[in-house]
Amino acid sequence: MKPAKPERNPFIIFSFFFILFLCAIASINGVRIDTIMKFGGCTFFSHNSSSSDDFLTLNFTSDPADDDIRILIGILTLPDQYHRRNFLRMIYGTQSPAGAKVDVKFVFCNLTKEDQKVLVALEIMRYDDIIILNCTENMNNGKTYTYFSSLPEMLNSTEGPSPPYHYVMKADDDTYLRLDNLVESMRPLPREDLYYGYVIPCPSMDPFVHYMSGMGYLVSWDIVEWIRVSEIPKKHMEGPEDKVFGDWIREGRRGKNRHTAKWAMYNYPEPPTRCTHELWPNTIAVHLLKNQEKWIQTLNYFNVTQNLKPSKLYHIP
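If you use mature numbering (1 follows the signal peptide of the UniProt record, and there is no 0), the sequence shown corresponds to residues -30 to -1, 1 to 287, in order.
Wrong hints could be hidden among the right ones.
Simulated restraints, written as ranges between beta carbons of each label pair [what the hints assert, rightly or not]:
#, residue 1, residue 2, range
1, Tyr52, Asn227, 32 to 40 Å
2, Tyr284, Lys226, 49 to 57 Å
3, Tyr97, Asn252, 24 to 32 Å
4, Leu92, His180, 38 to 46 Å
5, Asp176, Asn56, 32 to 40 Å
6, Pro242, Pro158, 28 to 36 Å
7, Val88, Pro160, 42 to 50 Å
8, Tyr271, Val179, 23 to 31 Å
Note that these hints are calculated values from the structure, not bench results.
Since the model is a prediction, treat every value here as computed from it, not as a measurement.
Think of the CB as a built atom: it goes at the ideal place given N, C-alpha and C, for glycine as much as any other residue.
Sequences and hints are given; from them, build the entire structure.
Given below as structure tokens:
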């Protein structure tokens, strides 16, 4: 056999470094090729025009915000409350709490009218913020149970974060939630076995006294999972929904971590009761905003339009 010609050595060296260059390019761009050839530790692809799926697949890195607090707020309302939902979309759509993912959804039972089927479907197409439960519309006969118990099947996924939310809240549609303050109040709290809200009776500051008001109470995801499988809620659904929920927590010996957000949560000051006080800056939630006048007075107090940008298109004194 003839010895290798010396002039071939530069070509071999060039080929070797060219291969290393291709490896580096593939690594930088995160390219994963399913139809592959291997040379040492580097991955190559062979061209196959019959399958585009084998050509380029992007590898996505994890979201840096994965450690942010994730809260689902379910506002229990009625299908026909179109104007109220659109109003609340403005209220919550202009709030962007830092370091948190807060999703606000409107929750009601099965649709029963032809106009609902059209109008609610349009809302879903436009906003994607509605949960329709498999139940007959009610206030104190199991709707809250259906809401919480349905969430694990709806939301658990192998593709998303686990759990999908750290906390789940049930809120009334006459409650104004200030999301920044809510998130900040949650940061130091445990993410397991938590029961949070405005404790009833109104004069009490002890979160273990009775139960959290239906204006807006929140539990950690493990309690949501427990509601789904436990027999305790299934046997006791009728009655004031917030009190019934508190009974489940007590009977199931859940909510060992409890937090009352009183007096950052309270009822609107008029008419005065033992559950009300004046509006103040550190507010998390104001309840019983039963008419437009109370909403406007509350929104004016918190100066919610302060970030409105000046424009030649409008003049608002």
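Structure-based check of each hint:
1. Tyr52 - Asn227: 32 to 40 Å: holds (38 Å)
2. Tyr284 - Lys226: 49 to 57 Å: holds (52 Å)
3. Tyr97 - Asn252: 24 to 32 Å: Because 30 Å falls inside the window, the suggested range holds.
4. Leu92 - His180: 38 to 46 Å: holds (42 Å)
5. Asp176 - Asn56: 32 to 40 Å: holds (39 Å)
6. Pro242 - Pro158: 28 to 36 Å: At roughly 32 Å between Cβ atoms, Pro158 and Pro242 fall inside 28 to 36 Å, so the hint holds.
7. Val88 - Pro160: 42 to 50 Å: Roughly 44 Å apart at Cβ, these two residues keep to the hinted range, so it holds.
8. Tyr271 - Val179: 23 to 31 Å: 30 Å Cβ-Cβ, so the 23 to 31 Å window holds.
Checked against the numbered hints given earlier, the structure satisfies every one of them.
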